[in-house]
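Visitor: Below, each chain spelled out in residue letters.
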Amino acid sequence: MDSHTSDPIASPHHAAATTAPLTHAPSPKTAADAAAVTLPDRPLILIESEETGVQFAFPDLWAYRELLVFLTWRDIKVRYKQTVLGAAWAIIQPLLTMLLFTLVFNRLAGLDTGSVPYPLFAYTGLLIWTFFSNAVTNSTNSLINNTNLITKVYFPRAFIPAAAVGAGLVDFAIAGLILVGLVIYYGVVPTWSLALLPLFLLLAVMLALAVGLLISALTVKYRDLRHALPFLIQFWMFASPVIYPSSVVPEGWRPLMALNPLTGIIEGFRAALLGGNFDRTTTTLAVLMTLALLVFSFYHFRRIEETFADLI
Amino acid sequence: MKPIVKIENVSKRYRLGGLHPGYLTFRDMVGGALRFRRSDGNDGVRPKRDFWALRDINLTVQPGELVGVIGRNGAGKSTLLKILSRVTKPTTGRVEMYGRVGSLLEVGTGFHSELSGRENVFLSGAILGMRRAEIERKFEEIVAFSELEKFIDTPVKRYSSGMYVRLAFSVAAHLEPEILIMDEVLAVGDAAFQQKCLDKMHSIRQHGRTIFFVSHNMPAVMRLCRRVILLHEGQVVSEGEPQAVVNDYLSATWNIAAERVWLTREDAPGDDVVRLARVRVLSETNAPATAFDIRSPVRIELTYDVHEAGHMLTPHVELHNEEGVHAFSSHDTSDEWRRTAREVGRYVSVISIPGNMLSEGTLRVHASVMSHVPQTTLHAQARNVIAFQVIDTQQGDSARGDYIGPIPGVVRPLLDWRTRFTPPQD
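Protein chains in written order, with my numbering: chain R, 1 to 312; chain P, 1001 to 1426.
With the rest of the complex left out, here is chain P (with noise of 0.2 Å):
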């Protein structure tokens, strides 16, 4: 089938020496001119060293598709959104775009604090790339969206920037485009708002449009696209099921995967009494992964080694998410093991996770071997050893029921819900 988009070798070269300040000044030229050129081609006013932020980016993207990019800080994906909105040109390669772009890559582009709300609608549409009589013809729907219809007539430079941000993101959300470049606009405003955006992403989609879409928000990335891109260091080095490709990009951000393995003892963390060997999470079969359906148990497997017999030992696991929020701890507290003295050898403590019990999101997991009695000691502690991921796959039987927006909180249990129903008395 033919692609809507295609990209071709595309390279993106920066001079970090003119890069940063990002201006020369007068005296830079004049002195420039009048020094001698050196052999290098360097004029001595600024050392040149050239940063590639895309290299050779080949791509090609069906009409209907809605492209996930991912990738750390400084991977580029800034980059390639600027070149297929045409903000900056390619070094290298070329673009073919079948369709009428629109991007967006900042909320509220075009908008001017000085001017009325409706006064802004008008002004973002027309630098978004809509007519006149579009932006007239869809003012009230832009409006009615934005919810603020009480306040289109007051400065913006008055409003709360919830309220800016809906406005803009009205806008922003009835360009027609057959091509829509986002990057993390979703990241912003209320709960409420966020559904309804996804709710038109979902839309815009079914009308056959092609999004690329730019986040770090990794449940939001599988949610929506069917495929993902990685790019690090300005190259496509993984692409296809976003499952796979957010595994990679987890394993490639964190520089943790799902399982860590020490070989020697003295590699190991821990002390004399006794050092981990490996640390993983499984699944209900008890194979490695990364990446759990939120209904699925979670389990996370430690095995250490006692080397001094006689010690009272617990395992403890804790979960935190990827705002830092330390999500909880667990004890080993089983009769069989607790407050029983250890014999030297291996053990492998198993804890496992109900399903619908952890919120979306990454949890990275840290891992230690403590005793309690006669005092509390840290023996063998790995923090931030393993990470993996929880993903709603939306299929209606999560605790996320038919909302499709995003849901804060560390857990999401799924709980029994009794409703009773009363007749009106008349």
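Just chain R, with the same shape it has in the complex (with noise of 0.2 Å):
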């Protein structure tokens, strides 16, 4: 055993105190007692210093999966406590902004989405973006609300804005219920390409996950972003055929749209579902530049997540 008995501190009235009349039981298991412990030949936790460079550290991600669905149960439970609708929230927000997209775009600028009605169209366009602005705005502050746990124990902190992406997805479900009923109300046969609708579902939850890791941790250190993400996001969907397809965008613009990688995914979304040609370019692009997006924000997130508890 390392011994490491130094001078005590020094004190000006320090006195040479002898050993008081002062005994201690005899311990009944000792250090030596416990010896039949048998211990793993490497250590199952080693704690390295800063300088160290980043690791992905997927094993302990695997370890800890079942905290994920914790999370993601809590975010769905806390969120929906003490309100007198509860889940219906989920529906009420995309119904009513298509509602009021329907009857400006529509019935009074008379934007023409050819043979989809303008109902469907936007809805399937809103069940998209508000899961993405829901998950992106939700994860954006969900590093800074939950402090109290990044100070104090230890788990992959990118499983918390992954969480809150989560619990969008339910809400998703929820609101997808709708989105059934539109397309049966308006008579839309499926077609084979209906079995794309989850690729395109995934691509939006990896871009929501990783524009989520990235600006979470960003947000730990400049909480500025906490006041720009509105604007961010409000600019971001005008800047999205959520609500206008981009046919009516003048040709030479659209080449810039397709860099968004939400264009690729909402209208890839809406074809899947309502029928029509997926641009091919457009969607590659979307794929391409979400999985680069999220490999760059989980590496960004786990070079920096170790200085959170010191930061937040």
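Since the hints were made in silico from the structure, they are not lab data.
Only a predicted model underlies this, so the values are computations on that prediction, with no experimental measurement involved.
Worth double-checking, as some hints may not be accurate.
Computed far set for chain P versus chain R, every beta-carbon distance over 12 Å [as the list claims (entries may be wrong)]:
1. Val1143
2. Lys1200
3. Ala1309
4. Thr1314
5. Ser1371
For lysine to any residue, the following SDA-like pairs were computed, each having C-alpha atoms within a straight-line distance of at most 20 Å [stated by the list, open to error]:
6. R:Lys81 to P:Ser1113
7. P:Lys1157 to R:Val78
8. P:Lys1157 to R:Asn148
9. R:Lys221 to P:Asp1050
10. R:Lys81 to P:Thr1154
11. R:Lys81 to P:Ile1152
12. R:Lys77 to P:His1112
13. R:Lys81 to P:Phe1122
14. P:Lys1138 to P:Ser1203
15. P:Lys1006 to R:Arg42
16. P:Lys1157 to R:Ile76
17. R:Lys81 to P:Arg1118
18. P:Lys1006 to R:Leu39
19. P:Lys1002 to R:Leu44
20. P:Lys1138 to R:Tyr64
21. R:Lys81 to R:Ala173
22. R:Lys81 to P:Pro1155
23. R:Lys221 to P:Leu1016
24. P:Lys1200 to P:Asn1217
25. R:Lys77 to P:Arg1132
26. R:Lys81 to P:His1112
Glycine included, each C-beta is placed from N, C-alpha and C at the ideal position.
Build the complex from these two chains, which are given one at a time in their own frames, with help from the hints.
Guide: Structure follows, in structure tokens:
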């Protein structure tokens, strides 16, 4: 054992205290008795200094996988506690927005969405958009809202924004029921392309996670982002074909629009459900951009997550 | 033997500039980027001062050891526990741990006030590192331990703080890591519940688990730990046997020891009549000591010099415990010197506080010399002049009997109990 006895703290009146009549009861179990415990050859946990590089620590993520489920479940549970309408809010938000935009863009401005009725067109886009914007907004604040956890206990921090995204999926599923109703109401017959729907949803989840990881990590250090986010989200909505088809955008602007991965995701989601052509370039771009952003965001998150407890 | 925890050269630096208020604004970042870098590496945004919360900590811990970590506020205790629980990373050095780690840096980590007791058991358990199946298996036991069966489906925001703490600790107590890291968790809850927690800690250790225990409760540290580490300004300044380390802690923290001496008349507290020369705590064998078994007598000795003859002087001692409660006062009432005019010269007065009288804890001594005739005059006084510890080692024959939990109260006398038995009259 390392003996590390050093000089006692210097004190001007430090008396040479000899041992008082104080004896310890013999401990029933001393360290020697506990030697029966067999220790692994390699450390289970190795804590290294900040200077060592970024580790993705996938085994760690896997070991804690149940926690992701618990955190997601908590976020869902807590969100609708003490609300009168409860989970109905998940429907109300996209539904009212859809009605508003139908009135403004379709009835007043006369926006043309081809063969697809505007309410169905808008609701499909708003369903994905509402999921995405809520997921990003909730995950942005998630780390700060969980300060008490971050400063007190270890677990993969990425699960906090990930749980916020996961909770958004439940709202998506509830709001999706209305979409099913609209599809039946307008008599849309699904084609084989419907099989691609989950793929575009997965892309939307990955993009929301990528943006959530990036902004939540930055928000720990730069709180301003919380205030900037509503503008960013609003701008992003109008830059994406949520409530208008990209066909109304002038030809020259379309390549620029395709650089926004949400363009490919929303149009792909819509095409998969309501029929129509997939723009191969836009879709490919969306896939590549989403993957690249996710890798970058996750790397960035892992790189700075160890400093969260010191910064938050 | 192979250690279960190996801490090597661990240091932790905080940059004070970034530490307070803890985050920057975007403007700072932009402003900082536009500014010219200074040669000293300071970007001009905020002065950067380094603060080493820990410096070169080296420690090896064997399986089954219960290591107490003590030190005053800001000594680095929390930082050390945070590094061991992987909340924050060391700036330099490394730690190897050969077992699962569970950390309890606060009571109720992961609790959400909107959720019910049942839901919080699962959530908190998962956050502390338990598997779902493990929580399900232990659920009944956890609830039984907390004694909250009736309220388990009530949102915890309706709980009293005592209930909250009980449920939170119950979850934590059922963690089964090989290495447990605890911060002052015992400082909460009522006496009966604290007793249960202490029992639980005993049983955890007896299963060969290793525990790191940070506390300001010196009696608890001395009772539970066989090895104590004293941190001071981020360094280990004393390590080893609890009694010796606690003594070092007391002398460092209170800046007072078992003995106080004034070498010159000018320094000594007092007036033209009398001045104190020395105050000290002695054991039964007249050896200066700072820690006493609760069953042993404690002697307090006052040495004072009378410079003006003819005064009827009374030496006086006051004892205060660590909560600042005045335990008692004692005046010299012996026939030998009471109402007797003193000659010029040196006097040594000793009182002996019997064993089994003081309660556990730190006691601070105020010493004074006064006269009560013709009227009460305080001639010499030294407040908080010395301090000592009273510790119950729990060998079964002190006033605590077989009870091992905390006992409040200023005194803890060992009294004579008589019980009469009457069999039922049928």
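Visitor: Of the numbered hints stated previously, which ones are contradicted by the structure, given in increasing order?
Guide: none
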